[in-house]
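Numbering (our numbering), first residue to last: 1 to 251.
Rather than coming from a laboratory, the hints here were simulated on the basis of the structure. Among the hints, a few may not be true.
[Stated by the list, open to error] Label pairs and their in silico Cβ distance ranges:
(1) Ile109 <-> Glu204: 30 to 40 Å
(2) Thr78 <-> Glu217: 15 to 25 Å
(3) Asp190 <-> Thr60: 21 to 31 Å
[Claimed, not checked] Simulated pairs of lysine to any residue, SDA-like, Cα-Cα distance not exceeding 20 Å:
(4) Lys111 <-> Pro98
(5) Lys111 <-> Glu50
(6) Lys111 <-> Asp64
(7) Lys111 <-> Asp156
(8) Lys111 <-> Ser144
(9) Lys111 <-> Ile171
(10) Lys111 <-> Ala143
(11) Lys96 <-> Tyr46
(12) Lys111 <-> Gln94
(13) Lys111 <-> Thr139
(14) Lys111 <-> Thr100
(15) Lys96 <-> Gly41
(16) Lys111 <-> Phe48
(17) Lys96 <-> Thr60
(18) Lys96 <-> Thr43
(19) Lys111 <-> Leu218
(20) Lys111 <-> Glu76
(21) Lys111 <-> Ser123
(22) Lys111 <-> Glu73
(23) Lys96 <-> Tyr45
(24) Lys111 <-> Thr60
(25) Lys111 <-> Asp85
(26) Lys111 <-> Tyr46
(27) Lys111 <-> Thr128
(28) Lys96 <-> Ser152
(29) Lys111 <-> Asp130
(30) Lys96 <-> Thr66
(31) Lys111 <-> Asp62
(32) Lys111 <-> Gly97
(33) Lys111 <-> Glu200
(34) Lys111 <-> Asp167
(35) Lys96 <-> Ser47
(36) Lys111 <-> Asn90
(37) Lys96 <-> Phe48
(38) Lys111 <-> Leu81
(39) Lys96 <-> Ile109
(40) Lys111 <-> Ser47
C-beta atoms are modelled at their ideal positions from N, C-alpha and C, and glycine is treated no differently.
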Amino acid sequence: MSEYQRNTGMVLCILAVLIGSAVVVGVLSFYGPSHWFVGPGETVYYSFDEVVDTTSGLVTLDVDLTAGSVNIEFVENTTLLYEIDIAVDNATVQEKGPPTVSYASNTIIYKYTAGAVNITLGSGTNYTLDITTTAGAVTCALASGANVSDISITTDAGAIEFSMTDDIVIIGSPDFAFETSIGAIEIDLDLPAGIGGSVEAVTEIGAVDIDALGWHELTSSHYESSDYDTASQTVTVTATTDIGEVDIEVH
Numbered sequence: 001m002s003e004y005q006r007n008t009g010m011v012l013c014i015l016a017v018l019i020g021s022a023v024v025v026g027v028l029s030f031y032g033p034s035h036w037f038v039g040p041g042e043t044v045y046y047s048f049d050e051v052v053d054t055t056s057g058l059v060t061l062d063v064d065l066t067a068g069s070v071n072i073e074f075v076e077n078t079t080l081l082y083e084i085d086i087a088v089d090n091a092t093v094q095e096k097g098p099p100t101v102s103y104a105s106n107t108i109i110y111k112y113t114a115g116a117v118n119i120t121l122g123s124g125t126n127y128t129l130d131i132t133t134t135a136g137a138v139t140c141a142l143a144s145g146a147n148v149s150d151i152s153i154t155t156d157a158g159a160i161e162f163s164m165t166d167d168i169v170i171i172g173s174p175d176f177a178f179e180t181s182i183g184a185i186e187i188d189l190d191l192p193a194g195i196g197g198s199v200e201a202v203t204e205i206g207a208v209d210i211d212a213l214g215w216h217e218l219t220s221s222h223y224e225s226s227d228y229d230t231a232s233q234t235v236t237v238t239a240t241t242d243i244g245e246v247d248i249e250v251h
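Turn these sequences into a full structure, and let the hints guide you.
Rendered as structure tokens:
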């Protein structure tokens, strides 16, 4: 084993410990809104929801979480604007106050110190996603019912996992940008028919693995579909991490 491999292994081991510690300190896993009478050190559950009503145009989901985890999914429900379920340690609530979710001017805003956040978005609205965590993982799954434009997911320390099926609706020609300072990025991409695509990955310390059968290889870390320059709609994906692996699979 080379000196570089030993150093890289040590860095990644330290990374795993740091991320694990940050998430454990910041959040407990979400199990459901049931335990309302809690003492210090227990978990408190909150739930927020809103219907589409007269909403029109793009709606931005703006999440800024210091420590914890964020999970985003879509469902076939034309009346649902959002449902956000949050699990927070009671000590955090006592110190910082309860979490809140606001909606105004076509922007859903959730900003808080710590928690496990499960977000469900409906199929009757077009969304942009702007997700930021300081220490915590983000999972985002686009499936049937999702209507999306630009997506930005950023973490300082935490893994990013993103998946997309070919039965979603793409609005315009969006950019999907995933960036973390310390953490792995995993992307599973299935573009709708007629949509051109580009995927590019950058990492300072860590491997890049892109499986894009049938796409043009511009470099070992940059691939484009054959129709990327001619398609009326395109999706441009970038994945950047300072320390961590990038794994992209295109179907």
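Straight-line alpha-carbon gap lysine 96 to tyrosine 45, limit 20 Å: Distance of about 15 Å is within 20 Å: holds.
Given hint phenylalanine 48 paired with lysine 111 - CA-CA distance at most 20 Å: Judged against 20 Å, a Cα distance of about 14 Å means the pair holds.
Holds or violated: lysine 111 to alanine 143, with C-alpha atoms at most 20 Å apart: violated, 25 Å
Lysine 111 paired with serine 144 [C-alpha distance capped at 20 Å]: Measuring from Cα to Cα gives roughly 27 Å; hence the hint is violated.
Proposed proximity, serine 123 with lysine 111 (alpha carbon, max 20 Å): violated, 24 Å
Restraint status (C-alpha distance of lysine 111 to tyrosine 46 at most 20 Å): Since the Cα atoms of lysine 111 and tyrosine 46 sit roughly 14 Å apart, the hinted pair holds (cutoff 20 Å).
Range hint 21 to 31 Å (beta carbons of aspartate 190 and threonine 60) holds or violated: Distance hint for aspartate 190, threonine 60 holds at roughly 24 Å.
Agreement of lysine 111 and glutamate 200 with the hint, judged by alpha carbon distance not exceeding 20 Å: Given pair lysine 111, glutamate 200 is violated - Cα atoms ~30 Å apart, limit 20 Å.
Satisfaction of hint between glutamate 76 and lysine 111, Cα-Cα up to 20 Å: violated, 26 Å
Pair hint lysine 111 and threonine 100, alpha-carbon separation not exceeding 20 Å: holds, 8 Å
Restraint status (C-alpha distance of lysine 111 to glycine 97 at most 20 Å): holds, 12 Å
Satisfaction of hint between aspartate 62 and lysine 111, Cα-Cα up to 20 Å: holds, 8 Å
Checked against the numbered hints given earlier, this structure breaks hints 2, 8, 9, 10, 17, 19, 20, 21, 28, 33, 34; the rest are met.
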